[in-house]
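Residue numbers (the working numbering), protein chains in the order written: chain A, 1 to 405; chain B, 1001 to 1367; chain C, 2001 to 2559.
Everything labelled a hint here was simulated from the structure, so no lab data went into it. Hints are supplied without guarantee of correctness; some may be wrong.
Stretch-level coverage of chain C by chain A, calculated; a stretch enters the list once three of its residues show a Cβ under 8 Å from a Cβ in chain A [unchecked claim]:
| no. | region |
| --- | --- |
| 1 | 2332-2342 |
| 2 | 2374-2382 |
Straight-line C-alpha distance at most 20 Å; calculated SDA-like pairs for lysine to any residue [unchecked claim]:
| no. | chain 1 | residue 1 | chain 2 | residue 2 |
| --- | --- | --- | --- | --- |
| 3 | A | Lys376 | C | Ala2520 |
| 4 | B | Lys1209 | B | Lys1074 |
| 5 | B | Lys1133 | C | Ala2444 |
| 6 | A | Lys369 | A | Gln216 |
| 7 | C | Lys2466 | C | Phe2491 |
| 8 | B | Lys1105 | C | Phe2467 |
| 9 | B | Lys1133 | C | Pro2449 |
| 10 | C | Lys2466 | B | Tyr1094 |
| 11 | A | Lys263 | A | Ala323 |
| 12 | B | Lys1074 | C | Lys2466 |
| 13 | B | Lys1102 | C | Ala2520 |
| 14 | B | Lys1102 | C | Pro2477 |
| 15 | B | Lys1133 | C | Gly2460 |
Heads up, the beta-carbon is just placed ideally off N, CA and C, and yes, glycines get one too.
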Amino acid sequence: MIKHRAPLLLSLALCLASLLSACQTSAPDEPRSIHSPALTLWHAYRGDEASALLESLERFRAETGRAVRALQLPHQALNNKLQAAIPRGNGPDLWIGAHDRVGDYAEAGLIEPVGYWMTSSLVDQYFPRTLEALSYQGNLYGLPISFKTLALFYRTDLSPTPPKSLAELRSIALSLRERGVRWGLASPELDSLYFHAPWLHAFGGEATRLHERQSQEALLNSVSLISDLIRDGLIPPELNGALTASLFTSGQLAFVINGPWFKGDLEGTALPWSVAPLPTLSDQRALTPYLGVEGVFISSYTQDPTGAWALAQSITGERAARASLQRGGLVAQRALYQEEAPPALRAWRATFEAQLTNTRPLSNDPRMKRLWTPLKRLLSSVLFFQASPQESLTEALRAIEEQGS
Amino acid sequence: MTEVNLRALCKRYPNGFEAVRAVDLEIRSGELIALVGPSGCGKSTTLRMVAGLEEISSGELLIDGQRMNERPPKERGVGMVFQSYALYPHMSAYENIAFALKLQKVSTSEIDRRVQSVASRLEISELLSRKPKQMSGGQRQRIAIARALIREPRLLLFDEPLSNLDAQLRAHMRVELSALHAELGATSLYVTHDQVEAMTLADRVVLLKAGEVQQIGAPLELHDEPVNRFVAGFIGSPSMNLATLQAEAVSTLIQEVSGEAQQALAQDGALSIGFRAHHASLCEPSERSARFKAGDATLSAVVELVEPLGNESLVYCSATLPGLEPWRVVVREEGHSQAKRGDAVALTCAAEHLRYFSADERGARLR
Amino acid sequence: MSARPQLGFIAPALCALLSVCFALITLNQATRYGGTQAQSWLSERLATQPIQGLSDLNITLSDAQLELKLIELQRTGEPQSASYLSPLKAFKVATGAGGTPSLTSTTLSKEWFDAHWSPRAQWTRSGEVWLRRPLTPQERGALGRTGSSQLSLIARLAPPARSPLPWLEVTAGVLIALLGVYGLRRWAYDRLVGGALIGLWGSVCVSWPLLNSVSDLQQVVASWALSLHAPAPTLIPAELLVPLCASLPWLLLAIAHLFTRGRPSPNRVAYTYMAPTLISVSLLVFIPFALGVALAFTRHDHGRFEWVGLEHFYHILGGGLYELSHPLNFYFTLGVTVLWTALNVLLHTSLGLSLALLLNRQGLAFKGLYRALLIIPWAIPNYITALIWKGMFHQQYGLINHSLGLFGLTPVPWMSSFWGSMTANVTTNTWLGFPFMMVVCLGALQSVPRDLYEAADLAGASPWVKFRHITLPLLIPALTPAIILGSVWTFNMFNIIYLVSGGQPNGATDILITEAYRWAFEQDRYGYAAAYSLVIFVILILYARLTQRLSKAAEEVYS
C-alpha cells in the first residue's frame, strides 16, 4: 500500500506539467498569417507625449481595426531590453527610439531596413537630414518622428534682438555685465562632446575623423576658443543643467546654448525669453550642432511587417505630426512648417527649422560610442584643469584607438 | 604602620538619599576591620569613600593624620581588591600586577623583582604568564591581591572578595587571608555581608545598618554583648532566639528574678528577650525542676524539626507562651539529639545568658 | 528496515541512470536543429564564414541540408536620388554551383516573402530553419554587386527527414515519472528529503527564466567552442532541459541515498528548512556569479560573445599599457582605492570612537537626543547625501566656498584637482559613515566593566592611560569586525565617488568599482568589465582571509 499519497500525487502532477510544457515549446510554428491579433510598440515617452502617442494609436485602431499594445519603458532600460528580448522572440513589433543606436541595432540584426517600402512621395515628406540620420551603410532603417538640436536661448528683456555673430554676442554680454548680469554664455555641460560639437564643426572638424589632421587642428582651435571665453569670464567654468536654468531665470546668465528640452525649465516662469539660431563665428562659419532624430523602427523579428509599416506611417504621418507641432514639438514632416503658426510658437518653429539646415546628424556608427568618454576627458582637462591641449589630444586619440582593440 | 580615622563620614546622593550617615571609626595600625551588614547598609560605599572612588559628602577622612578628602585615589596609598577582581582581561597576570609600577615608570628590572617577590609570597609564580581567563576563581583572586600589594600600600581594602567563590573555596581562602594578614600586618578594611567571615578574619567588627554604625568591637564582644536587638540578631549562627513579650509574661518564664533581669523587668510594657541556641538545653518535662535554678528561664515546647549536622544537632521547637502565639526557637545540642518530632520538651536557659532589649525600634540593650 | 534500504536505493539510481542515458541518446540525435539554438548556431556559422564569392553559396553540411540563396531586390525604373529607396518591382534568385554563376530568375511573390519574413529564423515543426541577413559591403564587393540595391542572403537549414524527438521525449518522461513514483514509495521514511527535492523540481520546472539564462550560458560556451575551431557543440534545446531537470531530483535523491546508505540523516529536517534559502541563493547569487565569471573570459560585440581567454586579465594587470600615474592604469586606480579606503576608515573610526566616548559619559543630559541626531547621517539614503554634498562643493555657488568667502578666505576649486575632489569625497563619506562606527563603539564601551577603570584609578592612571591601556584593547574585538566590514563597504562605495566627484579630474578619483562600471556601461565592453570585477573580487577575498586571522586573534581576549 502506498503510504504517503500526497507527495506521490504531487510528483505525478508536476511530472505531467513538465511534460506538457515541454510539448508546448516545440509546438509547430506555422507561418503566421498577416493579421495577427495585436501589434506591440515600445516607447519611452512621458506625460503629454505619451498621451498624444496613445491618441494616435487609438486613431489607428479606429481606422484599420488593428489594435496596438503600447508599453512604456524607462529611457535607459529601452536599449538593454531590446537587445535582450528581440533575439529571443519576446520583443515588440515596433519601437520608438533615438537614431544614434541605428548602427548598433543593424549590426545586431534587430531592425529591418524599410527602403523596401519607401516611395518617393514618402521620402519628400520628411526633412532630408532626418532621413540621413536614420540610415546606416546605405539602408534606411526607420521613419523620423521628431528631431532636436541646439539653439540660442536669450532673454528678450536683456537683449531685445538676438546676436547674429559671436562678436556681437560678446559685446552684448560685456555691456550686460556692467548692468549686473554676471555671465554671458553657457551650455549645461561644457565638457560634453554634444555641447562642444557646434564649435568643433564650425572649425571644420568632425569627431569621427579625429585621426585626420584637419579634425585635430579644428579641435585644438575650438577648445582654445572656449578656453579664452572662460578666461575672459564670459562662460562660467563649472555648471550643470539645474544650475544653468536657475542662473538664466534669475538673470545672472544672458545667453544659453541648449536644446528644446530647456523649454520645460522655462515654462513655469513668467520670463520673457525667446530662441534664435546659433550665432556664427567671426568669419561667417556657422556653429553646426548635432542633430538628434527620434524615429520609429521595425523589428526584424516581427511577424507582421506590413501592419508594422502601416503603424509606423501613421505615427509619423501628417495628423499626428500636426498635433505634435501645435504643442511645440519639432516634427520631421516638412510641409507642416509652412503652415501658419500660433504667435507663441512662431519664433520657436522658425529657429529650429532654420537651424536644421546647419546641423550634422550624430553619427549612428557603433564606434561613435567610444568617443564620448575620451573626448569628455579631453575637454574637461583642457577647459577645467588647464592641461595642455596637445597632450590631452594625444591622450584622447590613444584612448580611442585602445578601445578599438 | 598606618592609622585611619573616619570622622562623621557621610555620603549623600543628589536625589537626597543618605547612604552613609556619620560613620565614626578609628582603625589602629595593623588592624583588620571588618565592615558587615545586610545589603544596602552602606558598607561598600564607606569603603569606596576611603579608597577615593566616591566623593565624601561631609566628614573627614584622615590617613596617618592627613586629611584625605580631596586627594585622588593614587595619592592615598591604598590598595584595593575588588569583588569581581577587576583584572584586565587582555593582559597577563604579570602585566596586571605590574601595571601600577609601569605607570610610575619604575625600571623593568625593579618591576620584575617586585612582582616575583609578591608572586612567590602568594604562591602564584607559575601563573604569571597566564591570562585571567585561563585561571580559576581562587587564582584570580590571588592575582588581584598581588596587584593590590605591589604598590606596598599603607592601607588594604577588600570589597567582598570572597563572595564570588564557592563554599569550599571560600573557607579555604578565609584561612589564607587570615594567614596573609598575620604575615603582612597591614592595616586593612574588609567589607563583607557574611558575618562568619567577619567573625573569623577581623580584629574588630563594625556592624552597619542603613548607613548607621550599630556597634564596633571585637567579634566576640558583638557576639556575647550585643548593644541592640539588630546586632544580636545579625551576629551568630544560628541567630539568637528573640521574642517580644509583655513584662508580666516574661516574669512567668523566669523563676526568682534577680540582677539584670530585675532591672529589665522593672519596666512597664513590652520588652524583648533573647538567648542563643547553644546556651539553651532540652530536657524531659518531668526533669524540669531538677535542672534549673534560680533566675533561669524555662519554656515548654514541642519539637518541630531536628537537623542533625553530625557534630551537633539543631532542634527547632515551638515554645508555648501564655496567652500568645508560640515562639519558634532553635536549640543546639551536642552530637546526636534524642529529641524527635512531636516530643514535648522543657527548655532551659541560664540566667547569665539571657539578654534583654527594649521593645522599640532601636531595641537597645537593657541591663 | 534493514533489507528495504537496499531495495529503496535501486529505484532512484535507476532513474538517474535512465536520465543520463536519455540525455546522451537524444544529444546524439543531432538536436542542433532544435529551437532557437539552431538559429543562433546557424547565424554564427554565417557570421564566421563570410561569402567570398558565388561559389560559396553552395554549402552542404553533413546529415543536414543547408541551402543558401542570394536574393536581390532590384529597382526597376529610374534611379532615385536618395540612396535609401528601393521600391520593389521584382527580384532574382541566384544560386551558384561552382564555375560561372548562373542566374535564374524566379518570380517569388511578395506574399511568399512576407510569409517567410520572420527574418532571423523560423522554426517549423518540419524542422526547417530559415535565416536572412543583409550582405556586408565587402561581400557585396566580392559578389560584384557594389550598387545600391538591397541584397540578402537566405539560408535554409533542413534537418534529416525523421525526427525521433517527440516520442522518445514523452516515453522517457513517463518512464522517469513512474520510476520516480516507485522510488518515492520505497522511500517513505525519507519523505522530508523527498518533499524538499520535489519542491526544487517544481520550482525549476516552472521557472523559465532559469532555462533562458542557462541557454545564455550555453551561448557563451558555444561561442567559446566555436572560436577554438572545434565542431559546434551539441546544444541542448530548451524542451529537452525540462525532462532532464525533472529527473534531477531523483538523481539527487539517489546520490543522497548513496551517501547515507539508506539511513535517514538526522539533519534532514534542517535540510528541509534550508532548502528554500539554498534554492533562492543559488538562483540569485551563484548562477549570476557563474555567468559573470564566464563573461570575464569573453569579448562582447553586439550580442555575440567571443572567447579571448586571459587577455583581459593580462591587459588589466599589465596596467593597460598606461604609465603608472595615468588614471586608466589599474595600479593607479588600485592605489587611489586603497588610499580612499584607508582615509575613510581612519576618519570613521576616530570620529565614531570619539563621539562614543563623549556619549558614554555618566550623567550626560539628553543622551538619547544626541544619539538620535547623530544617527541621522546614516539614515538618509546616501544617494541624496551625495548629491547635496556635491552641490555644497560647487566652486561658485556651493555652500562651502560661500562660507569660506564670508571668513575672507579664498574659495577652493574643489573639483579641479585630485586632492580637492578627494577631500570632497572623503568628507561626504565620513559624514555618512561615522554613525555606524559610533554605534558599534557605544555598544562595546558599555560592555567594559566599570571596576577596571576604578582599579586603574587606584593605580594612578591618567585618562589617556586608561583609554590606551584599558578601553582600546577591550574595544578591539568589537571594532575589528566593524572595521573589516566598513573597509570592504568603502572599497566598493560606488555612489559617493560616482555622484560627488564623478571621477574628476579626468578619472583620477575613480576607484576600481566605478572604473569597472565605466568600462561596462559607457564603453560597452562587458567582457573587460567582468574581468575587472573578477579582479576586484579576488582582491577582496584575499583581504577577507587576511583579516579573518586578525579578528580571530582579537576575539581571544574575551572568550
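- Task: May I ask which of the numbered hints given earlier this structure violates, with the numbers listed in increasing order?
- Result: 1, 2, 4, 7, 13, 14, 15
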